[in-house]
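> Listed below, chain by chain, are the residues.
There are 2 protein chains.
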Amino acid sequence: MFYNKYPGLHVLIFSVPAYKLIYMIKDELYELLKSILGDGGVSVREDDLVSYSRDIWAKTTIEMQNGKMKHLPDAVVWPAVTEDVVKIIKFANENAIPVLPFGGGSGVCGGILACNGGIIIDMKRMDRLLKIDETSLVFSAQTGINGERLERILNEKGFTLGHFPSSIYCSTLGGWLATRSAGQLSTKYGKIEDMVISLEAVLPDGSVLETTPAPRSAAGPGLTQLFVGSEGTLCVITRAIMKMRRLPEKRKFMGIMFSAVENGLDAIRNILQAGVVPAVVRLYDELDTFMIAEGRFHKGHSGIKQLEEDNLKDMILHKAERLLFSHPKIVSLLSPLIPGRSMLILGFDGSEEQVDTDEKISLRICSAAGGKTLGEEPGNIWWETRYKVSYGLSPVFYIGGFADTIEVATTWNNLLNLYYSMKESLSENSLVMVHFSHAYREGCSIYFTFVASAGDERKDEVYDLILKKGMDACVSAGGTISHHHGVGFSKQRWLGRENKGGLNLLKLIKKSLDPKNIMNPGKLGV
Amino acid sequence: MFYNKYPGLHVLIFSVPAYKLIYMIKDELYELLKSILGDGGVSVREDDLVSYSRDIWAKTTIEMQNGKMKHLPDAVVWPAVTEDVVKIIKFANENAIPVLPFGGGSGVCGGILACNGGIIIDMKRMDRLLKIDETSLVFSAQTGINGERLERILNEKGFTLGHFPSSIYCSTLGGWLATRSAGQLSTKYGKIEDMVISLEAVLPDGSVLETTPAPRSAAGPGLTQLFVGSEGTLCVITRAIMKMRRLPEKRKFMGIMFSAVENGLDAIRNILQAGVVPAVVRLYDELDTFMIAEGRFHKGHSGIKQLEEDNLKDMILHKAERLLFSHPKIVSLLSPLIPGRSMLILGFDGSEEQVDTDEKISLRICSAAGGKTLGEEPGNIWWETRYKVSYGLSPVFYIGGFADTIEVATTWNNLLNLYYSMKESLSENSLVMVHFSHAYREGCSIYFTFVASAGDERKDEVYDLILKKGMDACVSAGGTISHHHGVGFSKQRWLGRENKGGLNLLKLIKKSLDPKNIMNPGKLGV
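If you read the protein sequences in the order shown, they are chains A and B. According to this note's numbering, the first sequence holds residues 1 to 526 in order. According to this note's numbering, the second sequence holds residues 1 to 526 in order.
With the rest of the complex left out, here is chain A:
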């Protein structure tokens, strides 16, 4: 209908930035969407469009600071039920208008940038926890539900999802599923793809898919996992059946200090391969450990001590540190002088006797790798302040710097190669801190935080350079380009080097499901 009235619109949307659309057309779009969703279900107000023009990808923060708003959508809609989503998708498909599913907006890869304009589908009104099955330990929920609220409701009934990403206050179940999110206890509870039983999803033609809700099935290929990680490019995930657990009887955290990161990694690997499944393993490399121990600007990030933001700012402004992140090579040169120490946060949960057995075996392994126990305090402080990670980097931007993170993964025998390759490449232009978390029997993820600085007019360029060096090093060293942040806009140029033929296959599937390319176009390389 829209397309028929304004036959040139879809061409216009795809060929010029959508925010240049003339107001009359935007008004018409508003009226049409309002006829679908009613009053209050749609907005084309400038302030709303600005709010939904980005996630928290560092580069768009830099752009925003420079007064640039590159990716304004044309409208924002708030569906309340799956049928609303169906109507929006059908309307969008008919008129070849991009649609962008939006969760909490906490993505760090530009996964929801309206590169070609279009309609943001904010899922946050679809926030109902529909059913808790206490016998099977599964629940069903709409995917717009906020993560912290979901966990809180489950906790009140004695259950937990066990998913604790640092974004939990500003992310949703749907966002987690769309990006293959990992929480801080993923070593035991799994990543979100390990927790999902089945999905309801609205496909680009408006049809509704419900995958098989069995704990396991051999009834053909695994369709659920095709949509987990699709970042809005293949469907809108509207509902999910998820595993949950009973709240553990006991949870215990501790800190262990190793003389070098290699020793700490050996301990983690041996613990997991001994069949122990800790709730958390989190090893800071020497520089990261040094920053924590020195109590300097990294505190907010590491979460060892909570600081007032103002104090933090003061500290960040400290001249020596400005120098450090302006001249990261100095740090690289000095780093051999940093006392070689690497701290491991280790945690267990379960029944009293399970925790005791796990702890006993693990401490024996740590001790054999030269680890010295620091007691429970470092672990408890980490647990209490675990959500602060996401907020620790913002102050860097206030004072003229920038910061971002890259999280990759590989098998154990390739881990040090990947770590040193990427660290070296990133360190050429930034200050790099690293921790290892989300460990598996077969390998581990590596989480790089880089901090740098440049004049306003050059920040874009320096940011791009650092990212390119880091990601090039990752694919050359055989790592996967993302462990849990996703690919979005920022990493898509490396996706084709991730595996052999995978991107082609993805394009083929995308084309067959979404021939008009309406679903989150310009992301994931498809």
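Treat each hint with caution, since some may be false.
One copy or two, either will do: identical chains are not told apart, so a pair holds if it fits within one copy or between any two.
Unchecked claim - Here are the simulated lysine-lysine pairs, DSSO-like style, with alpha carbons at most 27 Å apart: (1) 124 - 70; (2) 124 - 500; (3) 34 - 68; (4) 243 - 188; (5) 500 - 511; (6) 68 - 131; (7) 90 - 511; (8) 87 - 500; (9) 250 - 188; (10) 188 - 360; (11) 90 - 26; (12) 507 - 90; (13) 87 - 507; (14) 500 - 90; (15) 500 - 243.
Since the hints were derived computationally from the structure, they do not count as laboratory data.
Using the hints provided, position chain B relative to the given structure of chain A.
The following block gives chain B in isolation, referenced to the frame of chain A:
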């Protein structure tokens, strides 16, 4: 080329049974395939074609006994390397000839029937274990490797895949992956889809895909799982990187008797939900337990005692038992008189202290559910004879009966509903024994064995009727139609009721990857 020379052939292949192809054309096909694979890499001999005309689906056994050979392929090829497979697929695609990847031939759903003729690709020469990475606990292997041989090689080096399907002597890694196989220790070690890290696969256009070899990734959708369970309809899986574990320090099995199946199921659920991960849980329902305890014809199947096949045949011929499976309703009527007992086989492995902790917690839970321990003997006998399950049903066919199995799964809160619905439906025309194995925190699989008898001319019909009643009951009760045997030919008519929109999606993906429908046509509903 083939197509160009004989433009009518692909039409012929798709429209009439392929074995009616005139010899000249078959000779030509032979010559062309020989030019690709060399001498010894291809056969069109009648005896080879007969050997590859079926797996061990019960219905084709019945047909064979009646002298029918419905599904002869046109040729069999034996590639040795991935490049051979690429050449075959390209040739087949160019000429629109069906290709059917073939592992050990132990499938029970007719998954490799050459319904439209075509080329059987027997993968058994691609049997190399390519690399063992002892640090990461992963190995890489060609997929034609025999299961028992693979496990034996790993064992010799101190490792285990932990995958013990009863077909292990006559199935391959590729077959396991293609059908989402489960082994008898799956409760701890996972199903094959839980063990796979990444795949190399030849797609229908002859391109080679290698999925990301990381323990976890957020680089887009999960492509590996799209091919696991595709049963040869989307690709030929040529290589896989798989997880492995060190051989456990200790393995311990035991038997526990419950007064009813419900009590045993409660115990299993509570053990798993307490965070204990037994290596095996296997609960026999009252009739199955009765058959085991009475030492009658079910012995070979249950594996409690090993019997000579001749003795077994004698026993099966026993008049009373013939009556039982000829008149299964008698059993249904009598079953309330069977002493209500349900036996659980429980097993643990790991280090001494892990096994002790797991056993202590589990026995406490079993005791609370009214279980009486039978000591280690029933468990040890089960473990020693665990591979006999697959061979126990053959004698039934010798004496004029037939038997088959159906394995389904659902969440715990739906398990008894699914169990009683299917048991009732199957019992109308067959003698039904059931065990529950492959348990998860969220649910469990149910394994039905049905035995029946009919005159030769009516066996087909009675078999179809029993299967239909069982499968209809499964989808009506919300179970998944297969937990680990796959769908193949026999269950495909129920796949569309398995989930909402899944079959349509599968058809769309199949069409985009395989527009000429060369990959194992006529299976999986696509």
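> Compare the structure with each hint and give your call.
Structure-based check of all given hints:
no.: 1; hint: 124 - 70; verdict: within (24 Å within a copy, 56 Å between copies)
no.: 2; hint: 124 - 500; verdict: between (37 Å within a copy, 25 Å between copies)
no.: 3; hint: 34 - 68; verdict: neither (29 Å within a copy, 64 Å between copies)
no.: 4; hint: 243 - 188; verdict: both (13 Å within a copy, 17 Å between copies)
no.: 5; hint: 500 - 511; verdict: both (19 Å within a copy, 21 Å between copies)
no.: 6; hint: 68 - 131; verdict: neither (44 Å within a copy, 52 Å between copies)
no.: 7; hint: 90 - 511; verdict: both (17 Å within a copy, 23 Å between copies)
no.: 8; hint: 87 - 500; verdict: between (37 Å within a copy, 18 Å between copies)
no.: 9; hint: 250 - 188; verdict: both (14 Å within a copy, 23 Å between copies)
no.: 10; hint: 188 - 360; verdict: both (17 Å within a copy, 22 Å between copies)
no.: 11; hint: 90 - 26; verdict: within (19 Å within a copy, 51 Å between copies)
no.: 12; hint: 507 - 90; verdict: both (22 Å within a copy, 21 Å between copies)
no.: 13; hint: 87 - 507; verdict: both (25 Å within a copy, 24 Å between copies)
no.: 14; hint: 500 - 90; verdict: between (34 Å within a copy, 18 Å between copies)
no.: 15; hint: 500 - 243; verdict: between (32 Å within a copy, 20 Å between copies)
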